[in-house]
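S.K.: Fit chain B to the supplied structure of chain A, relying on the hints for placement.
Chains A and B are the protein sequences, given in the same order.
Under my numbering, the residues of the first sequence are numbered 216 to 524, in order.
Under my numbering, the residues of the second sequence are numbered 142 to 427, in order.
Check each hint, because a few of them may be wrong.
[Unchecked claim] Pulled from the structure, derived: some chain B residues nowhere near chain A, Cβ distances all over 10 angstroms:
{"hint": "1", "residue": "GLN171"}
{"hint": "2", "residue": "LEU203"}
{"hint": "3", "residue": "ALA213"}
{"hint": "4", "residue": "ASP266"}
{"hint": "5", "residue": "ALA311"}
{"hint": "6", "residue": "SER312"}
{"hint": "7", "residue": "GLY315"}
{"hint": "8", "residue": "SER344"}
{"hint": "9", "residue": "SER393"}
{"hint": "10", "residue": "PRO395"}
[What the hints assert, rightly or not] Quick list of simulated restraints, FRET-style, between CB atoms:
{"hint": "11", "chain 1": "B", "residue 1": "GLY398", "chain 2": "A", "residue 2": "GLY249", "range": "28 to 34 angstroms"}
{"hint": "12", "chain 1": "A", "residue 1": "PRO428", "chain 2": "B", "residue 2": "ASP196", "range": "45 to 51 angstroms"}
{"hint": "13", "chain 1": "B", "residue 1": "ALA214", "chain 2": "A", "residue 2": "SER486", "range": "24 to 30 angstroms"}
{"hint": "14", "chain 1": "A", "residue 1": "SER486", "chain 2": "B", "residue 2": "PRO338", "range": "32 to 38 angstroms"}
Honestly, the hints are just simulated from the structure, not real lab data.
Bear in mind the structure is a predicted one, so any value in this text is a computation, not a measurement.
Note that the Cβ used here is the ideal one computed from N, Cα and C, for glycine as well.
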Amino acid sequence: MTMTGATHTGLFYDGDQQYAESVGGFLRDGLEQGQPGLLIGSPHRLDLVRAALGSDADQVRFLDEADVYAPQWNAYRVQLDFISQQRGARARVVSEQDLASRVPAELVDYRRIEAAINVLFADTPVDVLCPYDAGALPADLLEIGLDTHGSVQGTVPVVPGPRSEDPMGLLADLAQVAPPPPGATTLDLSSPSEVALARRLVHSRGAEAGLAPDLVDDLALAVTEVLTNALIHGTPPARLHVYDDGPTWVCHVHDGGRGLADPLSGMLPPSEPADHGHGLWLARQLCTAVDVGTDATGTHVRLHAKRPA
Amino acid sequence: MTPGALPASVDLCSLEPGTHLCAFPTDEQQSAQIATTFVERALSDGDRLLYVASDEQAQAMLRSLPPHLDAAAALAAGQLQVRSFAEAYGRGPTDLGAVADGFRAAAAQTRKDGFPGLRVAAHMDELAALLGSVEETVRWERLSTDLQREIGVSSVCLYRADRLSGDAGASLAGEHAGASPERAERSLAQFLAVDEPWGLRVSGEVDLSNRDQLRRAVLSRAGVVPRLHLDLRALTFTDVGSLSALRATAASLPADGWLLLDGASNAVRRTLEICDLGHERMRVQP
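Isolated chain A, as found in the complex (with noise of 0.2 angstroms):
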């Protein structure tokens, strides 16, 4: 068998037959060959493919799309995690997570990772099935499915419009900067020891929006990372602006430099330990959604925390 570099299908099914049909499949395909699965997935699908798989289940790594998608760039952690405990071994992945339940602004990261992952996993051995409720969900959302895989099946909709194939375009066309509203709340800062100036910013404006104390927390921390980049490798002044943006509270870091012109950068860990690199990478992992973008001004970052309902 020949190793080649990752696949990235859009799979359109439409009801529990078809999915079950086609995702248990596809992992037993991948069994045969010896190419481990993971699944991620609502409990109601994770049981019809355990049923179609039968014995063979055990050979399957299951996981609730509820734990894996909070947020969501914990899910491509996840499955990088996995592909790289394969030692170099063909493994198959399948991954959906409730898209319809998403807000905006995590639909924006989410068309992101799904152009982005045709990038970052140009050279793994990998065959990714992102499966797309075809019966279910809006046009708008199906058509992330079609932009984004380099093969789609099932019941493929048609949804009109041209189909964008360039990722790199695409992750160009996601990186529009958004300006802080005017009633944005702003902190100006000039050196690292102002950093924790802007912590007791995020925490006592953080619980007015209402966010857990657990979720202040991490943006804290989020926002520590950026603004440490912002202050190291960009341009002063570092700014950060705070603001609610619908159902998310933003966290907003901007600096005069175009330190993150990359749509890539933060996407991959560090590949070695060193003092810097990780920040983008952590502060994805701890919020709802992550912006990144460049204009005239400079660089962008704009955390999101999502509201309680």
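M.R.: Same frame as chain A, but now just chain B:
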């Protein structure tokens, strides 16, 4: 001395090692306050602090040290040392060269004992009597400035303003880099030496602003015994770069060395996991 002659207060947060400061308190209460502020900062930063004072002055300072610095523990670990004026400067006709050698030896011993630096707070009112004149005192202070820069020891020399005559205060002030403040903001983190088990108690918040202090405190302890117990139970925040610095320190230890992160919070353990900062010589326990 006239108020106009008072030198400007310095910021203890950004004190360069080897800085020679003065203070001219007008009563014992103010004197104790200035000394305590200087001591607090030195201990927080992980340095050894030598306090040259009378028994009464030492008791007053120890009483005013904030509880999180645990004066008794600092004395037990040798991070805080108290000496009488006679022990530090001698009793009889004084050989200034011998006093200078004494400070050099104390600075060297500080590093051997596992501290990154030495700072001194000294009540100097008896010095003029010992040396015979204010002029000799001024001369000693001038020598001290060079000596302290050479050996990297910062100090505050406390002179009671109401016991100085004429322009003595202005002459003495002129031999110092600035005045030590009466009060200062509490430091973001505290790096306190612990003897048993050998290591360091880290409390507060560690980030880009004080990461280097953490590193130098850990390295100083590891230079004596490379098996270090870091008590992190009172550490309320730490960023990735600081944990990465700890990992780098653990990786630099000899084969029989280790760094134990004791009382590591969920947040610390999760950051280590997410960023894959584990190392065989860095042990982590809740």
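S.K.: Decide, hint by hint, whether the structure agrees.
M.R.: Results of checking the hints against the structure:
| no. | hint | in the structure |
| --- | --- | --- |
| 1 | GLN171 | holds, 27 angstroms |
| 2 | LEU203 | holds, 29 angstroms |
| 3 | ALA213 | holds, 29 angstroms |
| 4 | ASP266 | holds, 35 angstroms |
| 5 | ALA311 | holds, 33 angstroms |
| 6 | SER312 | holds, 35 angstroms |
| 7 | GLY315 | holds, 31 angstroms |
| 8 | SER344 | holds, 14 angstroms |
| 9 | SER393 | holds, 13 angstroms |
| 10 | PRO395 | holds, 19 angstroms |
| 11 | B:GLY398 to A:GLY249: 28 to 34 angstroms | violated, 42 angstroms |
| 12 | A:PRO428 to B:ASP196: 45 to 51 angstroms | holds, 47 angstroms |
| 13 | B:ALA214 to A:SER486: 24 to 30 angstroms | violated, 42 angstroms |
| 14 | A:SER486 to B:PRO338: 32 to 38 angstroms | holds, 35 angstroms |
Violated hints, in rising order: 11 and 13; the structure is consistent with all others.
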